[in-house]
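Q: Sequence:
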Amino acid sequence: MDFLGDVLAWLTDPANWEGERGIGNRLVEHVLISIETVAIAAAIALPAGIAIGHSHRWPGLTTGVVNIARAIPSFAVVALALPFAIRLGLGIGYWPTFLALVLLALPPIFTNAVTAIRVVEPRVVEAARGLGMRERELLWQVEIPLAVPLILAGVRVAAVQVVATATLGALVGWGGLGRFIVDGFAVQDNVRVFGGALLVALLAVLTELGFAALSRWRSPRGVAQTAVAR
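Residue numbers (the numbering used here): 4 to 233.
Note that these hints are calculated values from the structure, not bench results. Just so we're clear, the structure is a prediction, and the values are computed from it rather than from any experiment. It is possible that part of the hints are untrue.
[What the hints assert, rightly or not] Derived DEER-like restraints, expressed as beta-carbon distance ranges:
{"#": "1", "residue 1": "46", "residue 2": "96", "range": "20 to 26 Å"}
{"#": "2", "residue 1": "23", "residue 2": "51", "range": "20 to 26 Å"}
{"#": "3", "residue 1": "213", "residue 2": "87", "range": "51 to 57 Å"}
{"#": "4", "residue 1": "186", "residue 2": "75", "range": "36 to 42 Å"}
{"#": "5", "residue 1": "92", "residue 2": "129", "range": "25 to 31 Å"}
{"#": "6", "residue 1": "174", "residue 2": "46", "range": "23 to 29 Å"}
{"#": "7", "residue 1": "136", "residue 2": "79", "range": "42 to 48 Å"}
{"#": "8", "residue 1": "220", "residue 2": "126", "range": "32 to 38 Å"}
{"#": "9", "residue 1": "54", "residue 2": "204", "range": "54 to 60 Å"}
{"#": "10", "residue 1": "14", "residue 2": "87", "range": "33 to 39 Å"}
{"#": "11", "residue 1": "21", "residue 2": "139", "range": "50 to 56 Å"}
{"#": "12", "residue 1": "217", "residue 2": "28", "range": "25 to 31 Å"}
{"#": "13", "residue 1": "35", "residue 2": "138", "range": "37 to 43 Å"}
For every residue, glycine included, the Cβ atom is placed at its ideal position computed from N, Cα and C.
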């Protein structure tokens with residue numbers, strides 16, 4: 004109980020929230036890089052996934068390659084991004100973390116986008132074609148609206164993964180909430196380590212809940228599509 008009390012005291016101490024190295028600034032850094040990387044990954048993966056899902060071309064090959072990429076450990080992706088960023092002259096810290104998080108966010112968004120379009124009820128698609136809809140109209144007015152819950156599930160998985168993995172950025176010289184964990188280990192400050200880990204966990208839970216609420220709000224009425232990210 005004393006340890007938990009120390010953690011609570013550390014989290015509620017106004018002095019720990021102030022300054023460039025305070026909780027407030029680290030939290031903002033963590034949230035911003037998470038939003039930026041998920042947005043970039045979505046801008047790349049969604050158009051590609053939707054196009055492939057609609058055309059029904061190479062779905063097995065593309066998702067297979069993406070799933071192989073998903074099997075690479077998060078730390079390995081961060082470690083590989085570091086020399087790549089240095090070679091490009093981007094240095095350490097922010098850019099290796101940014102590149103790694105974008106790469107980690109791509110697979111779940113892409114896979115769900117492909118699957119979401121492919122599993123739209125064929126009878127609905129054929130009925131729309133029977134009404135004279137062109138392929139572009141069919142995609143934007145029928146397939147994408149019905150696929151939104153599953154597409155959002157992919158973005159949700161990516162966002163939660165990014166929030167958790169951004170912690171590793173501290174190992175390559177970046178800030179964020181992971182800084183408390185790395186710095187705490189360095190000086191054997193278990194209160195700071197646990198406090199930083201708790202903040203990351205809470206942020207991941209809030210991200211999960213936020214996307215769950217958004218998915219329920221965006222689900223088309225009368226449509227029961229399972230939004231499960233694989």
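Q: Against each hint, give a clear statement of whether it holds in the structure.
A: Each hint, compared with the structure:
1. 46 <-> 96: 20 to 26 Å: holds (23 Å)
2. 23 <-> 51: 20 to 26 Å: violated (38 Å)
3. 213 <-> 87: 51 to 57 Å: violated (32 Å)
4. 186 <-> 75: 36 to 42 Å: violated (27 Å)
5. 92 <-> 129: 25 to 31 Å: violated (53 Å)
6. 174 <-> 46: 23 to 29 Å: With a Cβ separation near 27 Å, residue 174 and residue 46 satisfy 23 to 29 Å, so the hint holds.
7. 136 <-> 79: 42 to 48 Å: holds (45 Å)
8. 220 <-> 126: 32 to 38 Å: Check failed, 26 Å falls outside 32 to 38 Å.
9. 54 <-> 204: 54 to 60 Å: violated (36 Å)
10. 14 <-> 87: 33 to 39 Å: holds (36 Å)
11. 21 <-> 139: 50 to 56 Å: holds (53 Å)
12. 217 <-> 28: 25 to 31 Å: The hinted range 25 to 31 Å holds for residue 217 and residue 28, with Cβ atoms some 27 Å apart.
13. 35 <-> 138: 37 to 43 Å: holds (38 Å)
Violated hints, listed in ascending order, are 2, 3, 4, 5, 8 and 9; each of the other numbered hints is respected by the structure.
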